[in-house]
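Number of protein chains: 2
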Amino acid sequence: MIADRALLTDLYQLTMLQGYYEQNREELAVFEFFVRKLPKSRGYMVAAGLAQVLAYLEEVQFSPDEIDWLAGTGRFKPAVLDRLEAFRFTGDVHAMPEGTVFFPHEPILRITAPLPEAQLVESRLINLLHFQTLIASKAARSVLIAPDKLLVDFGMRRAHGSEAALLAARASYLAGFGGTATVNAGMYFDIPIYGTMAHSFVQTYSRESQAFIDFAKANPDNVVLLIDTYDTEAAARKVVDLADTLHAQGIKIKGVRIDSGNLAEHAIKVRRILDQGGLQQATIFASGGIDEYKLAALIAQQAPIDGFGIGTHLDTSADAPYLDCAYKLQEYAGIARRKRSEGKATWPGRKQVYRNYDDSGFMCGDTVTVENAPCTGKPLLQRVMQGGRTVLPQPSLMESREYAKGQLSRLPEALRALSDTPDYPVIISAELQALAKSVDEQTLL
Amino acid sequence: MIADRALLTDLYQLTMLQGYYEQNREELAVFEFFVRKLPKSRGYMVAAGLAQVLAYLEEVQFSPDEIDWLAGTGRFKPAVLDRLEAFRFTGDVHAMPEGTVFFPHEPILRITAPLPEAQLVESRLINLLHFQTLIASKAARSVLIAPDKLLVDFGMRRAHGSEAALLAARASYLAGFGGTATVNAGMYFDIPIYGTMAHSFVQTYSRESQAFIDFAKANPDNVVLLIDTYDTEAAARKVVDLADTLHAQGIKIKGVRIDSGNLAEHAIKVRRILDQGGLQQATIFASGGIDEYKLAALIAQQAPIDGFGIGTHLDTSADAPYLDCAYKLQEYAGIARRKRSEGKATWPGRKQVYRNYDDSGFMCGDTVTVENAPCTGKPLLQRVMQGGRTVLPQPSLMESREYAKGQLSRLPEALRALSDTPDYPVIISAELQALAKSVDEQTLL
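Residue numbers (the numbering used here), protein chains in the order written: chain A, 30 to 474; chain B, 30 to 474.
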């Protein structure tokens, strides 16, 4: 499905590998992936993308055409090209399961592997974890606001390329969306697919009702009619007028979709027209520029809308289109390491995250500490890959979705707001602070 | 390179096709792609993505596994599945060349094809044109601000998936960037690639200078040393101290990179250290959270920086992560059509865009009119595909890059600002307004 090639990486990974190979710097390295800080409008994150990372690590290797191309650049020595040709990832991975709620400074994935292996995979690993985590975290906001509504990913066209479209469908489903309009995502990930008609279908007809009739006959089990091409309420009345004729042919009108204008006002009027016309069972689906903020407003207005198509704002995470995340070296050859660049310092060593819950079952505080230090709470990182092979069984997407639902149900009420959320308590343990201090003292410049 | 599958589309395209096929609605349809309005911070757009659209249209077809999967959904009739199995795009395409500067309401691409063909390709066509146009338009802002600096795309890790990384590298190069760090983009598109070392390389050593020496020996033609892992100025002095030893081995230090802190202040100090140490030729490259706004500030401060890595903000178009664009039916079966949904009305019919220039050669006003209506100026849309085959020769990426450079050089001064740009004059011709009026009068509801 996803074309993972070893050269889908930053050039510096390869020039560094040239140095590592030449100097035999191939001892075990530990890197961790974490989010440094949350975007302004976010109170929590939802981990996603691990399944694609594991598939990538199992499969990554250089194809002959990639080796030939690298050779042609003149940048790499023959001995290095030989090493790249034989490259495989043989390391271990510890990670939080997909769907885990997490917070800044908490590693959600740790790689332990010979240095060149752990280094080369950095670019694609971030690329995969960053995007799905971004989208799952955005999607969860809508899910928590409208838990009883059908939410459908409509974002393929403005997603940033094909892979973004597919993975946004996956990540939003993981976070609790009901499905996607993107057909290939349905095929690859077994996600329910939704979709009926666009304005163009109606526009090709000189009579709107004829468009509705022809669509209904062609798709008798999936009659959701788009009613805002010209005049929304007029079209709703046409739908009512057609219902008997279609019913006589065994065709039931499932619902209507509204894609423009004031959605709450139109939905109220359309609901009345449908109800008075005997179509109480027909649902109203809305789309068009919706995000969690508009969704919250529509819910607050009690707009009679049963489902929402959420597209551009979801697939681009429009109000926060990236996360400040990093994949950093924490240990090499048995010695803890730490980056100290201004504003970018990291906590060193192999870490574990422990979570505690209050008496009502809500998350109440996490501790980040060095691996194997004593700590209360539930450890969140587990080993998911050993020696380059995924530890089985890994959860299915549906299982991860259930797990995410459980996680979100234990999120403290205050963190569910769309803005101005308090900081969740994340404690850096005394052991980890002591380790950082000792690393700083030992670093020879 | 790019895995284009026919099922990379929205479900409603397929349910509409079921209606079109069943009712034999297969006459010629005309769809156009355009941007409705610019994001707040943009004054112009740069068209990009046409090459990928043409490749998609030439290749798109349903694979046997896709047909099997569709059959398994139970949504499609056998006759429709047969039609999908035989699906090919046989239409014509008119488009503005890649690199053309354009404005709202101006179609940059027109499809003329039997209705089901023109309909099915909508989702992927928007997906391709939207993203590259978004990125080329973002990249052009940095290019105009820093025409004499080396600008390199550093965004792969936070691009939205693999395709976004590859196409962002392409679109930014088209707009005038000097290259990319993404190796596969270099391989696929023949774009110059850049990259040397990350902090992790330095961190694995107990002595920073040893890391520099080992890197230089391993990559003797590409010695750009990252100097901000611990203390930027101290590292710059180490670089000076090493220069003679390396020089004696025939290795020249090309430059240093700074990735954190106050870039202007560090660059001034580092420049002084390098110059006093006899390394006047060594360049300073900067990266870390840079976008066109920070770039403008650094240029205004006359920071002695020779090149910039621009990553996350470029590849996600962070300040405007999507465009309000559409692909709309403008004509079917010889009759002009128009969508009139609230706030989303479009201009009907097949259109052409004419551009006029002032005496100094700057763009001074465009006219959007019906195709073949008399108009002054240079027509911007040309036929690029006929009967499903690309009209040759199409420009190479390098030729499109030169063309974009020429286009940007003719952009009025006022539009080059990073914010508060005036509206560029785009006139809707009397002929087009008359056509819209007559379409409205003829539409029977």
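Where hints are given, some of them may not hold.
No copy is singled out in the list; a pair is fine if it fits within one copy or between any two copies.
As the list claims (entries may be wrong) - In the BS3-like style, the derived pairs of lysine-lysine whose C-alpha atoms are separated by at most 27 Å in a straight line are:
1. Lys373 - Lys323
2. Lys283 - Lys178
3. Lys298 - Lys373
4. Lys69 - Lys323
5. Lys283 - Lys106
6. Lys106 - Lys246
7. Lys283 - Lys373
8. Lys323 - Lys66
9. Lys373 - Lys434
10. Lys323 - Lys178
11. Lys407 - Lys283
12. Lys407 - Lys281
13. Lys281 - Lys434
14. Lys373 - Lys69
15. Lys323 - Lys407
16. Lys407 - Lys178
17. Lys69 - Lys466
18. Lys106 - Lys281
Read the hints as simulated data drawn from the structure, not as lab findings.
Now for the hints, and whether the structure bears them out:
1. In this assembly of identical chains, lysine 373 and lysine 323 lie within 27 Å of each other by CA distance solely across copies; the values are 18 Å between and 35 Å within a copy.
2. In the homo-oligomer, the alpha carbons of lysine 283 and lysine 178 lie at most 27 Å apart inside one protomer (16 Å), although the nearest pairing across protomers, at 59 Å, exceeds that limit.
3. Proximity of lysine 298 and lysine 373 under a CA criterion of 27 Å is satisfied inter-copy only: 20 Å between copies versus 54 Å inside one chain copy.
4. For the identical chains of this complex, lysine 69 and lysine 323 are neighbours both inside a copy (18 Å) and across copies (20 Å), given an alpha-carbon limit of 27 Å.
5. In the homo-oligomer, the alpha carbons of lysine 283 and lysine 106 lie at most 27 Å apart only across protomers (20 Å), although the nearest pairing inside one protomer, at 65 Å, exceeds that limit.
6. Taking the shortest alpha-carbon separations for lysine 106 and lysine 246, only the inter-copy value of 12 Å comes in at or below 27 Å, while the best intra-copy value is 66 Å.
7. Taking the shortest alpha-carbon separations for lysine 283 and lysine 373, only the inter-copy value of 26 Å comes in at or below 27 Å, while the best intra-copy value is 54 Å.
8. With identical chains, the CA atoms of lysine 323 and lysine 66 are at most 27 Å apart both within one copy (25 Å) and between copies (21 Å).
9. In this assembly of identical chains, lysine 373 and lysine 434 lie within 27 Å of each other by CA distance neither inside one copy nor across copies; the values are 33 Å within and 37 Å between.
10. Taking the closest pair of Cα atoms, lysine 323 and lysine 178 come within 27 Å of each other only inside a single copy of the chain (14 Å); across copies the shortest separation is 42 Å, beyond that limit.
11. In this assembly of identical chains, the alpha carbons of lysine 407 and lysine 283 never lie at most 27 Å apart, being 46 Å within a copy and 50 Å across copies at closest.
12. Proximity of lysine 407 to lysine 281 under the C-alpha cut-off of 27 Å is found in neither arrangement, the shortest distances being 51 Å within a copy and 53 Å between copies.
13. Taking the shortest alpha-carbon separations for lysine 281 and lysine 434, neither the intra-copy value of 33 Å nor the inter-copy value of 57 Å comes in at or below 27 Å.
14. In this assembly of identical chains, lysine 373 and lysine 69 lie within 27 Å of each other by CA distance solely inside one copy; the values are 18 Å within and 31 Å between copies.
15. When the C-alpha separation of lysine 323 and lysine 407 is checked against a cutoff of 27 Å, the pair qualifies neither within a copy, at 36 Å, nor between copies, at 43 Å.
16. Proximity of lysine 407 and lysine 178 under a CA criterion of 27 Å is satisfied in neither setting, with 32 Å inside one chain copy and 51 Å between copies.
17. Taking the shortest Cα distances, lysine 69 and lysine 466 never come within 27 Å of each other, neither inside one copy (30 Å) nor across copies (47 Å).
18. Taking the shortest Cα distances, lysine 106 and lysine 281 sit within 27 Å of each other only across copies (18 Å), while inside one copy they are farther apart (69 Å).
Violation of the numbered hints given earlier is confined to hints 9, 11, 12, 13, 15, 16, 17; the remaining hints are satisfied by the structure.
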